[in-house]
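There are 2 protein chains.
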Amino acid sequence: MKIAIIGLGLIGGSLALEFSKNHTVFGIDNNQEHQQQALDLRLVSKIISFDKIDLMDVIVVAVPVDKTADVVFSILNKIPKNILVFDVGSTKENVCKKVKNHPKRNQFLATHPIAGTEFSGPKATVKNLFTDKVNIICEQSQTAKEKLELYQELMKPLQMRFVFMENASQHDKHIAYVSHLSHISSFMLGKTVLEIEKEEETIFNMAGSGFESTVRLAKSAPTTWTPIFIQNKKHILNALEEYIRNLQEFKRNIENKEQEKIYNTIKKTNKIKEILN
Amino acid sequence: MKIAIIGLGLIGGSLALEFSKNHTVFGIDNNQEHQQQALDLRLVSKIISFDKIDLMDVIVVAVPVDKTADVVFSILNKIPKNILVFDVGSTKENVCKKVKNHPKRNQFLATHPIAGTEFSGPKATVKNLFTDKVNIICEQSQTAKEKLELYQELMKPLQMRFVFMENASQHDKHIAYVSHLSHISSFMLGKTVLEIEKEEETIFNMAGSGFESTVRLAKSAPTTWTPIFIQNKKHILNALEEYIRNLQEFKRNIENKEQEKIYNTIKKTNKIKEILN
Chain S
73 MKIAIIGLGL IGGSLALEFS KNHTVFGIDN NQEHQQQALD LRLVSKIISF
123 DKIDLMDVIV VAVPVDKTAD VVFSILNKIP KNILVFDVGS TKENVCKKVK
173 NHPKRNQFLA THPIAGTEFS GPKATVKNLF TDKVNIICEQ SQTAKEKLEL
223 YQELMKPLQM RFVFMENASQ HDKHIAYVSH LSHISSFMLG KTVLEIEKEE
273 ETIFNMAGSG FESTVRLAKS APTTWTPIFI QNKKHILNAL EEYIRNLQEF
323 KRNIENKEQE KIYNTIKKTN KIKEILN
Chain A
73 MKIAIIGLGL IGGSLALEFS KNHTVFGIDN NQEHQQQALD LRLVSKIISF
123 DKIDLMDVIV VAVPVDKTAD VVFSILNKIP KNILVFDVGS TKENVCKKVK
173 NHPKRNQFLA THPIAGTEFS GPKATVKNLF TDKVNIICEQ SQTAKEKLEL
223 YQELMKPLQM RFVFMENASQ HDKHIAYVSH LSHISSFMLG KTVLEIEKEE
273 ETIFNMAGSG FESTVRLAKS APTTWTPIFI QNKKHILNAL EEYIRNLQEF
323 KRNIENKEQE KIYNTIKKTN KIKEILN
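Taken in sequence, the protein lines are chains S and A.
Residue 349 is where the first sequence ends in my numbering, and the numbering goes up by one at each step.
Residue 349 is where the second sequence ends in my numbering, and the numbering goes up by one at each step.
Rather than coming from a laboratory, the hints here were simulated on the basis of the structure.
Be aware that one or more of the hints could be misleading.
The list treats identical chains as interchangeable, and a pair is accepted whether it falls inside one copy or across any two copies.
Below are the DSS-like pairs computed for lysine-lysine, each with C-alpha atoms no more than 27 Å apart in a straight line [to be verified]:
| id | residue 1 | residue 2 |
| --- | --- | --- |
| 1 | LYS270 | LYS323 |
| 2 | LYS172 | LYS150 |
| 3 | LYS270 | LYS339 |
| 4 | LYS305 | LYS172 |
| 5 | LYS205 | LYS345 |
When you get a sec, could you build the whole thing from the sequences and use the hints?
Okay, structure coming up:
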């Protein structure tokens, strides 16, 4: 098959790497440096322009989430009936709303492969990034059956675990708590420590004390995360409010040396162990 | 040498494991289950009672930090001049203050090996836990030169990187930001997500999205962390205040869709990459 990938970042580039084993992969990216890197790393066989997309079998949209809806919409405007389009963004409600009444809605599939690292760009591309990871599919009922089957066939070699979550808004709510809040807590932890620690050596020396893993996400790219935070504003603000409320309560408990309350809160939170193991 | 380790948890037990390669290690722990596990795992050759400590060459205090100062003080009261005592707790000011004027102060060394996992108890003991990790030594000027040398000789096979930080209060301040705040941010992230996510499956499915690494520390034991938070209250409250203030500002920026401010904050925080890599 002929596959075009729009956006050759960590996710787009890593998909290109996997697809190019069995298919011909073309790249579209308006960053010239990324174009060259993708060619050098042999992620794609050729860089093409947007007006060539109607020659493809599959089009992947892997751009920052503030661009996704418009890009998908203009692709649908342009392509013949045989082509499957899917996106891979971390928010799903916005793109689903935008194409809701498009006559070619059934050629589009909204997906969210939950995979990544804190790095970005074509050079961050990782082999087997998707193996055994979860892939959330939203509004599958709105996609033509044969297009969904084509997608599943295409993704089979990547060995992902499919989770179907019909309601895109529900996806965005859950991901705000489990993923986006994690990123904000990590960015703000990094910011707080950088502000107080003028001597970088101290951070480095003490990083092994838990800081390093908790602050890992604070290395993530602003180009990816700024649009996510703004687009998923409604759910993120709720999550942040709860998080700050919990922090303030815990702070009061430390202030008042409420040993039992602190102990019980930690003990209860340890439940996360059973869920994740 | 004969070494007694008081407190056979993750750190005490892992030290026992290392020391028993070259020395005879005795265990003291008032938890009978932990006593038996330490024997079964051959971490120690024998469990002894506290009144046998004056027969040792070295005594390690690896108890929760709210017990450390009293335990070290009563050891110093009891032991002859040849014995070295050191503790391994995550706070250093309290124990240093307590023994400040003790006539045997110079037999004591305040250490903080920065190593650990989110697990606890003798069963959590890990081989080579300390290799290449940082070991912070406070108030080394208050310890007899030959005792410090004995300590360094004893620790040599563990291959730790020594960092000398004379001022115990400075240690506690820095560790509040870099370590203790990380733990609180992680506990509260776990709490917030557990409260909103009644369906554990959703957490599990989305955990790969950054949550898993950020929440790792929320698995840590309440017996270890409750006394640390209370004992290092002063510095932790400052750190928490800054952290909450940063979260509130970031929340306002999302609320007002301040794209540029969000972008710049993330970009600036990415500096953590250079420091930790």
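Find the hints from earlier in the document that the structure breaks and name them by number, from lowest to highest.
none
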